[in-house]
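Going down the list, the protein sequences come from chains G and R. Quick note on our numbering: the first sequence kicks off at 45 and runs consecutively. Quick note on our numbering: the second sequence kicks off at 7 and runs consecutively.
Careful: at least some of the hints might be erroneous.
[Claimed, not checked] Just a few of them, taken from the derived set where beta-carbon distance is under 7 Å, the chain R residues facing chain G:
no. : residue
1   : L118
2   : Q316
3   : G354
4   : E393
[Said to hold, decoys possible] Computed list of lysine-lysine pairs in DSS-like fashion (alpha-carbon distance at most 27 Å, straight line):
no. : chain 1 : residue 1 : chain 2 : residue 2
5   : R       : K268      : G       : K222
6   : G       : K234      : R       : K107
7   : R       : K397      : G       : K323
8   : R       : K61       : G       : K223
9   : G       : K223      : R       : K74
10  : G       : K221      : R       : K177
11  : R       : K207      : G       : K342
12  : G       : K222      : R       : K107
13  : G       : K236      : R       : K268
14  : G       : K223      : G       : K242
15  : R       : K381      : G       : K211
Simulated from the structure, these hints should not be mistaken for laboratory data. Yeah, the Cβ is synthetic: ideal placement off N, Cα and C, and Gly gets one too.
The residues making up each chain are set out below.
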Amino acid sequence: MEKPDKKSMDDIRLSPAGKMWEASREKLKNTPVFVAGAGSGGSTLVLQLALLGFGAIKVCDSGKIDLSDLNNRFLPGDEHLGMNKALSTESTVNKVCPGVKVGACTQKLDRSNVFDLVGDAGFLFDTFDNPGDRFILSECAVAKGIPHAIISTSGMDAYAAVFHPPKTACYHCIFDKKKLEIIISGLGEKVKNYRENKLPLVSGSLSIGTSIAVNAALKILLDFNNPGYNRFYYFSQDRTGGNVDHTAGYKAMTHLFTDHFRQLCREQGFDWNMNRGRKYLEELTIAADPDCPLCGEKAVKKGDKQ
Amino acid sequence: MIDDFGDNFEAARKEITYAYENVRFFRKHMDEAKLSPEDIRTPGDFGRIPPTEKKHYRKNFPLDVLAKGYTLKDDRLTRFPSAGTTGERLMTVELGLVYMKRAIETMSVYPLIHTIFNRQPLNQVRYAPPNCSDVECANPYSTMQDRLLRDGTLVLAVYHDLLTTPEVILKQNIEEVEKHQPQMYFIDSTHLAFLMRYMRKHGYTPPNGPLLSSYTPCTDVSRRQILENFGRDVHFSEVVAMSEMGYMAMECPVGGLHINTKSYHLEFICNGRPAEPGEMAELYITTLDNGCIPHLRYRTGDVYRFFDSQCLCGHNFPLIRIEGRLRNFLFRNGEIVLTPKELDGIVGAPRWMDMYKMKQTDENDFLFNFIPNEKYEENNEKYIRDELLLKLGPGADLVMEKVDYIPTERSGKFLACVSSEGEKMYSKGFCL
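Hey, can you work out the whole structure from these sequences and the hints?
Written out as structure tokens, the structure reads:
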């Protein structure tokens with residue numbers, strides 16, 4: 045087979061589904077996106093974005109690859125052990141898709157630098173596993189008015205959702221920041237055990253949440269209909285074994301859910317505490333919480349303080 | 007079995023020997039089964055001891071269940087009367103220190119509450135059915151001093167039939183809470199949710215302090231109302247306790263219910279065998295403290311599931327879920343169709359509801375009463391009806407009624423799920 049020249053190769057890579065979406069190429073190539081986390085979910089997601097033709101991907105992670113990461117990362121080989129996760133992701137994607145510009149950021153994201161790090165990104169993907177950081181990212185996305193996807197995986201379970209207020213609920217409508225604060229103060233010094241929990245991951249579930257988020261981003265950025273707004277996608281094969289509701293992995297994914305979200309799900313015949321749904325993949329309808337501290341009626345909006 | 011005895015087996019053996027040598031009822035119980043403490047050599051032998059039940063302790067109280075050396079006049083003993091939910095009250099007396107030790111061990115799952123509980127002096131408030139208190143709190147003429155216990159607990163006044171409590175008492179409750187400035191609350195959640203509604207209406211937010219919810223299982227509807235009024239900053243923990251034992255299990259900050267395996271030896275029994283993780287099972291409990299009234303393989307009548315997974319909080323006490331009392335389960339054709347806990351999962355915490363009660367009155371007849379509030383809109387309850395009909399199965403006749411009053415049980419406790427079929431099955435000796 046005759047190999048095209050390098051420029052043509054890059055063009056083919058950066059054109060989703062071949063020539064079908066010719067017009068979208070420039071849009072994706074020129075829309076910067078921000079990926080928080082370059083762990084199992086983040087590295088998978090960056091690869092998917094690169095293959096789709098996203099031309100400017102900033103990936104942020106301050107962690108290093110250790111032995112426990114090797115069974116759940118698609119990108120690096122053993123030679124990346126000890127390397128920063130974002131740098132490892134950048135180096136691998138540059139090999140697979142040389143035309144894609146991946147910028148690695150090795151800083152620890154916090155409230156003071158999040159706005160600068162996210163910069164002019166047109167979409168924010170959150171694959172962090174630290175709930176505290178997730179609230180910071182959500183606040184940044186809402187303030188910047190950019191769409192924001194969350195992805196989480198544990199064991200054989202995964203979930204994904206896209207937020208873009210005021211068109212949709214926000215992350216704070218679904219996850220309770222106060223609950224996190226209560227847990228941290230309630231555990232006192234024992235909070236160390238809670239923070240250092242290492243959750244199990246099954247590689248087969250890694251790409252489920254990321255695929256939903258990447259496709260949703262594609263639809264939003266290209267103005268397609270039905271981009272998955274106000275939907276919470278939950279995939280679970282664990283339930284077939286029963287008793288997962290009390291495992292640390294399941295709890296880690298669900299324990300911060302707001303009462304508002306839990307009640308919405310109950311009204312759809314789905315209970316996060318027990319009985320749960322009846323399908324492998326649940327598409328739960330979500331709605332903004334009128335009492336949401338970030339986007340609700342009583343939230344302090346820009347300018348309110350004046 | 008929850009930990010295959012682990013370190014508890016030797017302690018359980020000592021308790022058996024202690025009870026055999028010191029408690030007349032237990033010696034007779036073992037003799038009738040042709041067993042002596044020496045026969046219990048391995049964890050497997052433990053199951054040979056016939057279970058003990060409430061009726062044994064009622065019938066033999068006080069002389070034959072009190073260990074040698076104790077009398078009811080003993081100053082070291084405290085009385086713990088049950089509320090009498092099953093129709094007859096059961097009196098337990100025990101060394102106060104034994105109960106305290108069990109409570110402190112149990113509270114270790116919630117470090118912040120554990121720390122506050124150990125502070126002295128500690129202003130506490132109790133708001134629970136009158137039968138659960140050892141002072142006269144159903145009397146509207148009692149004063150604050152009458153209801154102030156030696157340990158700093160103020161027992162708030164309440165009528166036996168909760169919803170009939172007159173406004174004058176509710177007003178008094180607010181004044182007393184404000185004066186006492188509690189640092190911790192021991193409450194029945196349905197009772198407190200009722201008081202919260204009144205407080206909210208009058209714009210009163212009580213002083214912040216951890217809430218320990220016990221006496222009856224906490225419904226999500228009650229929890230929502232309590233948290234709404236206290237604010238989301240409050241530490242709320244559900245506690246499982248029995249008047250016979252004291253504290254047994256407690257909810258950790260992450261929301262896992264952990265059972266104390268340090269103070270008790272536990273057996274979860276299903277079909278006469280140790281249950282598997284996640285299976286519904288009755289809890290049998292054995293005390294380990296060589297106290298005044300030892301309980302050996304004591305049938306609690308409560309159904310749980312235990313789990314062998316680690317909790318996010320990192321505490322090692324096993325996780326459980328309490329399904330409720332077997333006699334309150336909904337049955338059809340001799341099979342369990344819904345437990346009180348499962349029912350509560352279906353109802354959830356809708357903002358338009360203040361209280362609910364499910365009553366099975368016959369094989370196919372179910373009455374779901376609920377008290378709506380000002381947020382209620384026509385047909386809000388549809389999702390509950392749909393899910394209930396699915397669970398109850400074909401042919402079930404479910405009536406859903408909006409009401410403005412729901413009575414408490416005879417004991418003064420409020421049960422969100424009662425069942426004539428459950429009672430029948432239980433009296434016929436239905437066991438899991």
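Hint check:
1. This hint holds: R/L118 has a C-beta 5 Å from the nearest C-beta of chain G, less than the 7 Å allowed.
2. Because the smallest distance between the Cβ of R/Q316 and any Cβ of chain G comes to about 5 Å, under 7 Å, the interface hint for this residue holds.
3. Here the hint on R/G354 is kept, as its CB sits about 4 Å from the closest CB of chain G, short of 7 Å.
4. The restraint placing R/E393 at the interface with chain G holds, with a minimum CB-CB distance near 6 Å, inside the 7 Å limit.
5. Between R/K268 and G/K222, the direct Cα distance comes to roughly 32 Å. Violation of the 27 Å bound is thereby established for this hinted pair.
6. Taking the CA atoms of G/K234 and R/K107, the gap is near 21 Å; set against the 27 Å cutoff, the hint holds.
7. Distance hint between R/K397 and G/K323 is fulfilled; the C-alpha atoms sit about 17 Å from each other, no more than 27 Å.
8. With a C-alpha separation of about 43 Å, the suggested pair R/K61 and G/K223 falls outside the 27 Å cut-off, and the hint is violated.
9. Between the alpha carbons of G/K223 and R/K74 the distance comes to roughly 49 Å, so the proposed pair goes past 27 Å and is violated.
10. Restraint check for G/K221 and R/K177: the C-alpha separation of about 34 Å exceeds 27 Å, so the hint is violated.
11. A hinted pair counts as satisfied when its Cα atoms are at most 27 Å apart, and R/K207 with G/K342 qualifies at roughly 20 Å.
12. Taking the CA atoms of G/K222 and R/K107, the gap is near 32 Å; set against the 27 Å cutoff, the hint is violated.
13. For the suggested pair G/K236 and R/K268, the alpha carbons sit about 23 Å apart, so the restraint of at most 27 Å is met.
14. The suggested pairing of G/K223 with G/K242 holds, with an alpha-carbon distance near 21 Å, which does not exceed 27 Å.
15. Between R/K381 and G/K211 the alpha-carbon distance is near 25 Å, which keeps this suggested pair within the 27 Å criterion.
Figure legend: structure checked against the earlier numbered hints; hints not met, in rising order: 5, 8, 9, 10, 12.
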